[in-house]
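For this one, chain A is given, so just place chain B on it according to the hints.
Listed here are the chains, written in short residue letters.
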Amino acid sequence: MRNSKTMKLSRGLSTLAAAAIVLSACAGSSSPSTSDVSSSQSTVGDNTSEEIILTIYSGRNEKLIAPLLEKFTEQTGIQVAARYGDSGEMAALLLTEGGASPADVFFSQDAGALGAVQGAGLFDVLPSDVTELVTPAFRSADDMWVGTSGRVRVVIYNPSLVDTPPSGIDDLLDPKWSGKIGFAPTNASWQSFVTALRVVRGEYGAQVWLEGFAKNKPVAYEKNGVVRDAVNAGEVSLGLVNHYYLYEKIAAEGQAAVVARNHFFENGDVGGLVNVSGVGVLASTKNRDAALTFVKFLLSGDAQTYFATKTFEYPIVAGISPPDGLPSLQQLNPLSIDLSNLKSIEQTQQLLEKVGLLTR
Amino acid sequence: MTIRTRAPLILLVPALAAAIIALVPLWYLIDQAASRGLQAVVEEIWQRRTLTLVLRSLLLTISVTSASVIVGIFCAWVVALSGVPLRSLLLVLFSLSLAIPSYLSAFAWISWQPQLQGFWGAFIVLTFVCYPYVMLPVAAAMRGVDPAQQEVARSLGRSNTVVFFTVTIPQVRSAISGGSLLAALYVLSDFGAVAAMRYDVFTWVIYGAYRAGFNPSRAAVLSLVLVGIALVLTLSEVTARGRRAPSKLGSGAMRARRSARVRFVPLTVGFVSLIIVGLGVGVPVVSVLSWLTRSSYRVVQWTDVFYSIVTSFQIGILTSVVAVALAVPVGIAAVRFPSRLTHTIERSTYVFHALPGIVVAISVVFVGIRLLRPIYQELPLLIIGQVIIFLPLAVASVRSALEQSSIGVEEVARSLGVRPMKTIIRVTLPLALPGILAGGAMTMLSAIKELPTTLLLRPTGTETLATSIWKYSTVSDYASVAPFALALIVLAVVPVAVMSTSSITRARQL
Numbered sequence: 011m012r013n014s015k016t017m018k019l020s021r022g023l024s025t026l027a028a029a030a031i032v033l034s035a036c037a038g039s040s041s042p043s044t045s046d047v048s049s050s051q052s053t054v055g056d057n058t059s060e061e062i063i064l065t066i067y068s069g070r071n072e073k074l075i076a077p078l079l080e081k082f083t084e085q086t087g088i089q090v091a092a093r094y095g096d097s098g099e100m101a102a103l104l105l106t107e108g109g110a111s112p113a114d115v116f117f118s119q120d121a122g123a124l125g126a127v128q129g130a131g132l133f134d135v136l137p138s139d140v141t142e143l144v145t146p147a148f149r150s151a152d153d154m155w156v157g158t159s160g161r162v163r164v165v166i167y168n169p170s171l172v173d174t175p176p177s178g179i180d181d182l183l184d185p186k187w188s189g190k191i192g193f194a195p196t197n198a199s200w201q202s203f204v205t206a207l208r209v210v211r212g213e214y215g216a217q218v219w220l221e222g223f224a225k226n227k228p229v230a231y232e233k234n235g236v237v238r239d240a241v242n243a244g245e246v247s248l249g250l251v252n253h254y255y256l257y258e259k260i261a262a263e264g265q266a267a268v269v270a271r272n273h274f275f276e277n278g279d280v281g282g283l284v285n286v287s288g289v290g291v292l293a294s295t296k297n298r299d300a301a302l303t304f305v306k307f308l309l310s311g312d313a314q315t316y317f318a319t320k321t322f323e324y325p326i327v328a329g330i331s332p333p334d335g336l337p338s339l340q341q342l343n344p345l346s347i348d349l350s351n352l353k354s355i356e357q358t359q360q361l362l363e364k365v366g367l368l369t370r
Numbered sequence: 361m362t363i364r365t366r367a368p369l370i371l372l373v374p375a376l377a378a379a380i381i382a383l384v385p386l387w388y389l390i391d392q393a394a395s396r397g398l399q400a401v402v403e404e405i406w407q408r409r410t411l412t413l414v415l416r417s418l419l420l421t422i423s424v425t426s427a428s429v430i431v432g433i434f435c436a437w438v439v440a441l442s443g444v445p446l447r448s449l450l451l452v453l454f455s456l457s458l459a460i461p462s463y464l465s466a467f468a469w470i471s472w473q474p475q476l477q478g479f480w481g482a483f484i485v486l487t488f489v490c491y492p493y494v495m496l497p498v499a500a501a502m503r504g505v506d507p508a509q510q511e512v513a514r515s516l517g518r519s520n521t522v523v524f525f526t527v528t529i530p531q532v533r534s535a536i537s538g539g540s541l542l543a544a545l546y547v548l549s550d551f552g553a554v555a556a557m558r559y560d561v562f563t564w565v566i567y568g569a570y571r572a573g574f575n576p577s578r579a580a581v582l583s584l585v586l587v588g589i590a591l592v593l594t595l596s597e598v599t600a601r602g603r604r605a606p607s608k609l610g611s612g613a614m615r616a617r618r619s620a621r622v623r624f625v626p627l628t629v630g631f632v633s634l635i636i637v638g639l640g641v642g643v644p645v646v647s648v649l650s651w652l653t654r655s656s657y658r659v660v661q662w663t664d665v666f667y668s669i670v671t672s673f674q675i676g677i678l679t680s681v682v683a684v685a686l687a688v689p690v691g692i693a694a695v696r697f698p699s700r701l702t703h704t705i706e707r708s709t710y711v712f713h714a715l716p717g718i719v720v721a722i723s724v725v726f727v728g729i730r731l732l733r734p735i736y737q738e739l740p741l742l743i744i745g746q747v748i749i750f751l752p753l754a755v756a757s758v759r760s761a762l763e764q765s766s767i768g769v770e771e772v773a774r775s776l777g778v779r780p781m782k783t784i785i786r787v788t789l790p791l792a793l794p795g796i797l798a799g800g801a802m803t804m805l806s807a808i809k810e811l812p813t814t815l816l817l818r819p820t821g822t823e824t825l826a827t828s829i830w831k832y833s834t835v836s837d838y839a840s841v842a843p844f845a846l847a848l849i850v851l852a853v854v855p856v857a858v859m860s861t862s863s864i865t866r867a868r869q870l
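Protein chains in written order, with this note's numbering: chain A, 11 to 370; chain B, 361 to 870.
Isolated chain A (complex conformation) (with noise of 0.2 Å):
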């Protein structure tokens, strides 16, 4: 009995083993995805040889980015490695790895996440043929940073629901939108919008505005799609979102499909804040060249009017021009404001813990 329970467990361990090892060999010789070198050169240093490998740590999305690495590769025949993740834990983690890191490139969602990294002393200052391209209102103050797209705040709104939408921000605290309004307390853009609120206004400033709006009652979805297909259904009348969201849907489903419409907020309105996604180059990198050639080729025409009409984004480079349809910036006249003064999200979000409007 002893040793036919022996063998059964040593057939059972072996039967693991041997699969494990089928299974490495399987998915060594795999390659997800075109664009990604997967294999193991993936770590810096091999500068030497001729063929170089830009690290790319992003923050931005794969489905949404990895097109547009693609075409990198073809223009420079520079190769790329991407890390995805989200970018507050990709800030997390090059705070972690330090000099050390394999990283010759941050691109990130957000400016906040960009400017933990630089307040951390990790990037490089970038030269003047890279920062000149991008207004000052969208880059950082030292130039470690540059912004390469932007996503406008707004209100989406049924047309059948609403006939004048809200001009500014205080008009949504009128009491005739008391459970009207949807909007995604959990997301990033939103707890943007409120930090620069914080900023503009002050804390008690903030806090009063909030403390009106959270009185009207609004809807809380879990994201900013959820909040748009509630708008586009009728269940709510109003929604805070980024511009792009009806522009997806619109793609995705056809214009016949969808009746709501954005509205923007205009003459500096801390509603309409344009927020930014940005890269920043590695001091620690030994790719500095390739590291800029991907930089300039993200405020390239390719890559602005890749953003505008692959993913609705604004571009931030000069003479690009926006999604068909839309304000540009300056007819929108955004507020004016240091993009960078936008990284306390933490005490945004303590602050809409105390009037209720972050959790339940």
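One should not assume that every hint holds.
What the hints assert, rightly or not - Here are the computed distance ranges between Cβ atoms for each label pair:
(1) A:Gly178 x B:Ser395: 39 to 47 Å
(2) A:Gln217 x B:Leu383: 27 to 35 Å
(3) A:Glu363 x B:Leu652: 31 to 39 Å
(4) B:Leu652 x A:Arg271: 28 to 36 Å
(5) A:Gly244 x B:Phe631: 23 to 31 Å
(6) A:Asp299 x B:His703: 37 to 45 Å
(7) A:Glu363 x B:Thr526: 45 to 53 Å
Treat the hints as calculated values from the structure; they're not laboratory data.
Note that CB positions come from ideal geometry on N, CA and C, so glycine has one too.
Just chain B, lined up with the frame of chain A:
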């Protein structure tokens, strides 16, 4: 009963190695927390908000654990003792909810019942994720209980219900408390469900410190508080387990167990079971299927799905093999050679199970970039990260299997002059085989659905089912999420089936 000798070095050394690996996060946490000085640590902790968060986390942990114990014991009874038909199938279905990532389940619940956001939503989702932690060891233990005792009690006029609570439950007490500990630690560590449900607990603030505050030091201080709570839970479990697990001396009646006839209408039992399966597995599966039917403007890339499956299984199998290899010496040392040292080793593998994935991931980055540069962002380091998180699942399974198995055979072997090491290999290990298999399967399931550690430690370009789900769900492309999510749930049946058969075979006694 135990063998009163010191643990042989050949057990002790790998057990110590397991404990050292499990304690990796501690180095990082202390380094980070200390980086701003002791006063900053005290200020960070000494806030009213910290207390509120501790209380909220405890409230959720205690309520989910209690509910998991109730649901888990019920399901264990159904599959092990009740005699309802199709029990093996039920066992697989019950176990399957362990394979569904909490963020996926939470999202399905919100789409269905948006008003559940908050405490109740988190409570429901986590209960269905966690009850298998209780059910699996308890079902195995119930199958191992000597039917003679129940029969004696019944022959003395006790009703079935009374027998269940006064005879059966006390005999599986160790399995219940072990399973509840795993469930409680999981609840403390979970971020997916509480984030989707917007229920503010410790992990929420720890993630916030990384993602919004860009403040790893603050995250470390808060993580240490979480570790403290986990330590208290882990130590109190020793008390709850009882001083020694009951194990019989004689061989008992060598005959097939006769299932208790279900006194309640079998229909009622079946109905309740179906509700549990429906809520735990049905809700997320229906939700995923509904995404599939959404007008998809993107063709499913089946090769991507295939590669994700292969990678997920590769990581899952490697993680479970390593975790089990480390858990076996830890478990044997703790159960068969109990001492302060072996207990400390065993307990230390549990504590960091309460940390959210991102903290473990960043700790492994911290150690990896300093000491293990050649394997940084390579598969072995990812496996180490996963093993740190899931080791306790394997340890708990090995331990409960050993506690259940009669030590008599081992004593006979020793009395016949077989050396301790040989006894372990020839006798102890085969006795623990069902536990080893169950632990391996449970580890594998958890490793396959794991996201934060995989995201940060994976070799660049590697995609698993979990990272693919993440990739598409962050841009709300649920039509593309669906095939990966479905593959995750369907393929989870494989390890679940291994686990189920191994806990069924537990019934055959030596």
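A range of 39 to 47 Å was offered for this pair. Does it hold for the Cβ distance of A:Gly178 and B:Ser395? holds, 44 Å
Take a look at whether the Cβ-Cβ distance between A:Asp299 and B:His703 falls inside 37 to 45 Å. Since A:Asp299 and B:His703 have Cβ atoms about 58 Å apart, the given range 37 to 45 Å is violated.
Note whether the CB distance of A:Gln217 and B:Leu383 lies within 27 to 35 Å or breaks it. violated, 44 Å
Supplied distance hint 28 to 36 Å, evaluated on CB atoms of B:Leu652 and A:Arg271: Since the Cβ atoms of B:Leu652 and A:Arg271 sit about 30 Å apart, the hinted range of 28 to 36 Å holds.
Looking only at beta-carbon atoms, does the pair A:Glu363, B:Leu652 fall within the given range of 31 to 39 Å? At 37 Å between Cβs, range holds.
Is 23 to 31 Å a correct range for the gap between the Cβ atoms of A:Gly244 and B:Phe631? Given a distance of about 38 Å, which is not inside 23 to 31 Å, the answer is violated.
Is 45 to 53 Å respected by the C-beta to C-beta distance linking A:Glu363 and B:Thr526? holds, 48 Å
Checked against the numbered hints above, the structure violates hints 2, 5, 6; every other hint is satisfied.
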